[in-house]
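Undergrad: Sequence:
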Amino acid sequence: MLNLAVNLSLIFHEVPLIERFALAKAQGFRAVEIQFPYELSITQIQNELDRHELNLVLINVPAGDLMQGGGGLACVPGREYEFEKAVQLAIEYAAALHVPTVNILAGKQPIDADLLPCLQTFANNLKFACDLFQSADISPVIEMINGTDMPRFLIQNIAQAQEMLEAVQHPALRLQYDCYHMAMMGEDLLSALQENIDVIGHIQFADYPHRHEPFTGDINFAEFFDWIQNSHYLGYCAAEYKPSQNSEDSFDWLKAYI
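Sequential numbering of the sequence shown, starting at 88, is according to the numbering used here.
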């Protein structure tokens with residue numbers, strides 16, 4: 088089974104965020120995700136979801152200065168209070184908008200910080216966040232992001248993510264599996280997916296090496312999607328790519344799956 092969603096943060100970037108819901112619906116999607124929806128109010132988002140009969144299936148916890156080149160919040164010692172406030176805001180949005188899954192970005196190891204305190208800070212913050220998300224019936228996930236695009240990102244590969252799951256030991260915590268980031272890290276995409284499917288709560292995809300739409304690069308998406316369709320995975324698979332052309336012209340891949 089292939090439950091498709093489209094990421095409104097990277098795709099349909101030609102128009103303001105509030106106009107992207109209509110474009111997603113026009114392409115045939117029934118589900119969307121937004122990395123950081125906080126520029127819009129809950130009411131604005133709910134109105135767009137209702138108008139276009141869409142479900143919002145994933146958002147991120149606010150990540151501080153991460154997207155501007157900083158370390159973010161979740162793994163940076165001394166920023167625990169900011170992280171706690173960010174989690175509370177994410178829960179406010181997710182609960183009101185019935186978002187089933189929230190991604191907690193680890194952030195980057197600061198240049199002047201040692202690795203172990205950052206890992207411990209992230210683990211402690213995850214325990215705090217997972218308790219709150221579980222109480223709100225929301226599934227938390229953590230994501231591996233490649234170290235080329237985001238140097239010093241704390242969790243870059245499957246092994247590091249598995250170690251963090253083991254350190255946190257929280258039954259609610261799962262992985263977000265992004266094909267592009269895994270390919271950038273040299274992981275065997277299909278094998279890594281198959282071996283970790285029981286702890287994967289959300290899947291995102293873009294082709295490699297340019298992060299464009301499927302079938303523009305080196306990833307065998309026919310094999311990848313076929314395995315998911317025949318597996319017991321029931322979560323969403325979200326298109327999170329940088330269109331190689333106008334966003335509305337980048338959906339040739341979709342015809343076989345929707």
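Be aware that a few hints might be false.
Each computed PhoX-like pair below joins lysine-lysine, with the alpha-carbon atoms no more than 25 angstroms apart [said to hold, decoys possible]: (1) Lys112 x Lys342; (2) Lys172 x Lys329; (3) Lys329 x Lys342; (4) Lys172 x Lys214.
If you are wondering where the hints come from, they were derived from the structure by calculation, not from laboratory data.
Undergrad: Are the hints correct? Go through all of them and say.
TA: Quick rundown of the hints versus the structure:
no.: 1; hint: Lys112 x Lys342; verdict: holds, 14 angstroms
no.: 2; hint: Lys172 x Lys329; verdict: violated, 30 angstroms
no.: 3; hint: Lys329 x Lys342; verdict: holds, 19 angstroms
no.: 4; hint: Lys172 x Lys214; verdict: holds, 15 angstroms
Checked against the numbered hints above, the structure breaks only hint 2 and satisfies the rest.
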